[in-house]
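**Student:** With the hints as constraints, model all of the structure from the sequences given.
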Amino acid sequence: MAGLAFDGANPDVSLLYDINGLAKDAPSWLDAALAFVGEYGILLGLVLVVLWCWWSVRRAEDRQSAVASVAGIVWAPLAAGIAVLVNIPIRDFVERPRPFLDHKGLDVLVGGKSDFSFVSDHATLAMAIGAGLFVANRKFGLMALGLALLEGFCRVYMGVHYPTDVVGGFALGTAVALLLAPLAQLLLTPVVAAVARSPRLGRLVHSRRVLTVVPSAPGPVEHSGTAERDLAA
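Using my numbering, the letters of the sequence shown map in sequence onto residues 359 to 591.
These are calculated hints, taken from the structure and not from any lab test. Small disclaimer: the values here were computed from a predicted structure and weren't measured. Each hint should be verified, as a subset may be incorrect.
Stated by the list, open to error - Quick list of in silico lysine to aspartate or glutamate cross-link-like pairs, EDC-like style, CA-CA up to 20 Å:
no.	residue 1	residue 2
1	K471	D383
2	K462	D370
3	K471	D389
4	K497	D473
5	K462	D389
6	K462	D376
7	K382	D465
8	K382	D370
9	K497	D370
10	K382	D460
11	K462	D383
12	K462	D473
13	K462	D479
14	K471	E453
15	K462	D450
To be verified - Derived CB-CB ranges, DEER-like:
no.	residue 1	residue 2	range
16	A552	P455	43 to 49 Å
17	G463	P540	42 to 48 Å
18	K382	G470	30 to 36 Å
19	L373	W410	53 to 59 Å
20	Q422	G469	46 to 52 Å
21	D465	L402	39 to 45 Å
22	N368	V549	29 to 35 Å
23	S565	G469	40 to 46 Å
24	D450	S423	22 to 28 Å
25	S386	D420	42 to 48 Å
26	L544	D450	27 to 33 Å
27	L388	P557	49 to 55 Å
28	F394	L443	24 to 30 Å
29	G439	S565	22 to 28 Å
No residue lacks a Cβ here, since even glycine has one placed at the ideal position from N, Cα and C.
**Tutor:** Rendered as structure tokens:
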């Protein structure tokens, strides 16, 4: 399919120039900072949010809740990977050139972008993680969604994507994360539950410690929640 054509009166192109125009008026250090953030920083931030969420849900009151939450957290990066794979045939079918190839006067903050523009891999990946994490945990999901929106802004600000590239990425990432979430939860929950029962790996799922009374001991004995066993009287 031929690349999508736009003229200067198109609102997609107008918004591109408006947002990218901010880079022309900004100091060079800010452009460099946003270029790094848009290319690498936000993705690193999303990884940290996922790890922070995982560390937090491990401390759930009961192991069952921890298992369900950790399964949802595992799904978030998996959804991002699947969404990016789904984008490969879409990108090759649409064949939309990068905006700086068709429109003059853009301030391009990063080089080496020779692939097609629609849809944005960065926006797809960021929103898939955000939507997937939101299903698992609302608080951390909102953090991730905020970073995803910032990622979309940065991609246009950097001059490497049209706004509709970003919107398309948001739609694709959200669709994959939400539509496949029930199936993913069904498949991942037994796996995570098996890990939770493991004496060695259980702490990856549930870190709570419980007190149980051992008849031969003088007082309560502390056991890991992941290795909890019923004791016969």
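**Student:** Under the constraints set out in the numbered hints, which ones does this structure not fulfil?
**Tutor:** Hints 1, 4, 9, 13, 15, 18, 19, 21, 22, 24, 25 are the ones this structure does not satisfy, whereas the remaining hints hold.
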